[in-house]
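In case you want the letters, here they are:
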Amino acid sequence: MKVDWVNILAVVIFVSIVVTLILAVASYFAYKVREARRPKTAAELRQEGQAKVFFSEYRPEAPKQ
Amino acid sequence: MTDQQEVPATPPPAPKSVVKRPMRPILQLLISAAIIILVVVATLLLFKYPQKLGPVFITALVVTLASFLLLLVLRHFVLVWFSYLHTRELSREEYPESYPFISIIVPAFNEVEVIQSSLSSLLELRYPYYEIIAVDDGSTDGTYDKMKEFEGNHYGVRVSVYRKENSGKADALNYGVRRSKAPIVVCMDSDSRLTPNSLRYAVNHFRDPHVGAVAGNVKVINRHNLWTKLQALEYIEGLNIVRNAQAFWRSVNVIPGPIGIFRRAAMEGTGGYDSDTFAEDFDMTVKMLADGWKIDYEPKAVAYTEAPEGLLDIIKQRYRWCRGVLQALRKQKHLLTRSEGNITTPLSLWYMIFEGLVWPAMNIFANLFFVWIALIYGMTALLVMWWLLLTILDLLIAVHAILMEREDMSLAIYAVLYRFFYILIIDVCKVFATLEELVGLDMSWGKLARKGRI
Chain W
1 MKVDWVNILA VVIFVSIVVT LILAVASYFA YKVREARRPK TAAELRQEGQ
51 AKVFFSEYRP EAPKQ
Chain Y
1001 MTDQQEVPAT PPPAPKSVVK RPMRPILQLL ISAAIIILVV VATLLLFKYP
1051 QKLGPVFITA LVVTLASFLL LLVLRHFVLV WFSYLHTREL SREEYPESYP
1101 FISIIVPAFN EVEVIQSSLS SLLELRYPYY EIIAVDDGST DGTYDKMKEF
1151 EGNHYGVRVS VYRKENSGKA DALNYGVRRS KAPIVVCMDS DSRLTPNSLR
1201 YAVNHFRDPH VGAVAGNVKV INRHNLWTKL QALEYIEGLN IVRNAQAFWR
1251 SVNVIPGPIG IFRRAAMEGT GGYDSDTFAE DFDMTVKMLA DGWKIDYEPK
1301 AVAYTEAPEG LLDIIKQRYR WCRGVLQALR KQKHLLTRSE GNITTPLSLW
1351 YMIFEGLVWP AMNIFANLFF VWIALIYGMT ALLVMWWLLL TILDLLIAVH
1401 AILMEREDMS LAIYAVLYRF FYILIIDVCK VFATLEELVG LDMSWGKLAR
1451 KGRI
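One line per chain: the protein sequences are W and Y, in this order. Counting from 1, one number per residue, gives the positions in the first sequence under the working numbering. Counting from 1001, one number per residue, gives the positions in the second sequence under the working numbering.
FYI, nobody ran anything at the bench for these hints, they're computed from the structure. Bear in mind that the values here come from a model prediction, so they are computed numbers and not experimental data. Cβ coordinates follow ideal geometry from the N, Cα and C atoms, glycine included. Be aware that one or more of the hints could be misleading.
Coverage of chain Y stretches by chain W, computed from C-beta distances (three or more under 8 Å per stretch; other residues unrestricted) [said to hold, decoys possible]:
hint, stretch
1, 1027-1033
2, 1417-1426
Footprint (simulated), chain W over chain Y, 3 or more residues, beta carbon under 8 Å [stated by the list, open to error]:
hint, stretch
3, 1243-1253
4, 1381-1387
The following residues of chain Y were derived to be distant from chain W, with all beta-carbon distances above 12 Å [to be verified]:
hint, residue
5, V1039
6, P1128
7, R1264
8, E1436
9, L1441
Make a model of the complete structure from these sequences and hints.
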């Protein structure tokens, strides 16, 4: 029996493209969901005016005379 | 003494799309979901009712697609040819007897896993005369303490460590550059590792007084799963070969974050890195090109970087790159039509638009088109021919790039998987990122979690 390689390959390519597109859209959506659930960073909190300053500059006192 | 330096009073302005008050995450998610649904529905309708579009439109689509494929083939051959010419040119170069003093700027934000490895690699450089300036950008994870262990003099190499309030990578780089006095400045990422001879090769390009910067060769270090191996190939085949070809014309359009070597005067002339885009490296490159500086590429100046190891992290990185490039393009859009005697700047920007916007959309469309005609008209041979053509092209380019860089030949086989699904996933991400940038959806830097592989 002669194997129709073109058709077999076409089916493989077809399935891979369709599955990849579905996977790509789904994973992009999953990324957006993950980002939405992510705790806000200090920079984002600062932008919203809710940030606590986590780093305060250290300045040594002037030496006593 | 160094942690008592002045701290910038106010952080630099945020990118345009984040200047306004941020949206609630759930609202952002809903907008993203709406964009996704709209695109999917529009695509399905386009292929379900093509006759509604009219014969002229259908003909235009087919002609566009054919032109795209032709352009793709041409692009591959042009890239291979110019990268070969540049490599041949480099092989004739002579290396200097003396070397200029160099400052290496290492900005870091929450990089506790990798910072010591990165700084150690810098102390192993085979370069006679350099200093390291490490800037902690307000980390909260102990990065600064790890950096502090390196502070001091290491056999003639001075390591200075600074700490400042968190204000972004661009600002941290400027902070470091301001504290250096060297004529040549190296800007790198804290998750990168330079190879010992990288700077010796790179500084040679500055013998030409018109060269303002040299892009290094970035390679993936953590090649242990499918995703990182695909990225390793992508860096060699997709990114480095493009830089190598552009370097023949001395107009590389992205100096990569992991290794960029700058002439200090050129950098100062641009006013330093701007914080108003998420692609500060591309933005800086465009500013230098606009100032008339030449930008070269040195394949032997290698920096190893840690690539994201999972699909969602890859999407996160590419989303930021894509939107960052669009922000920089929008900022410099006046350069698209104004050459001011230097044609390479508008050409570089148009090339970025082509690669960043047109290409991904066309690739997705071409995939859908060939699947559609195979399904509706039974033209399976056309689908196979088209796919084989692209895969063979990818494979040839991969082999060429791997041979040129003397890389691991086993990566070539991933060129098939690269075409099979990887590039399509990246392109889908780029299209959605473009739409979100056009809509003006909020975004944040989105730092990737490091595994400490470098």
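| field | Hints that the structure is at odds with (numbers, increasing) | value | Hints 3, 5, 8 and 9 not satisfied by this model.
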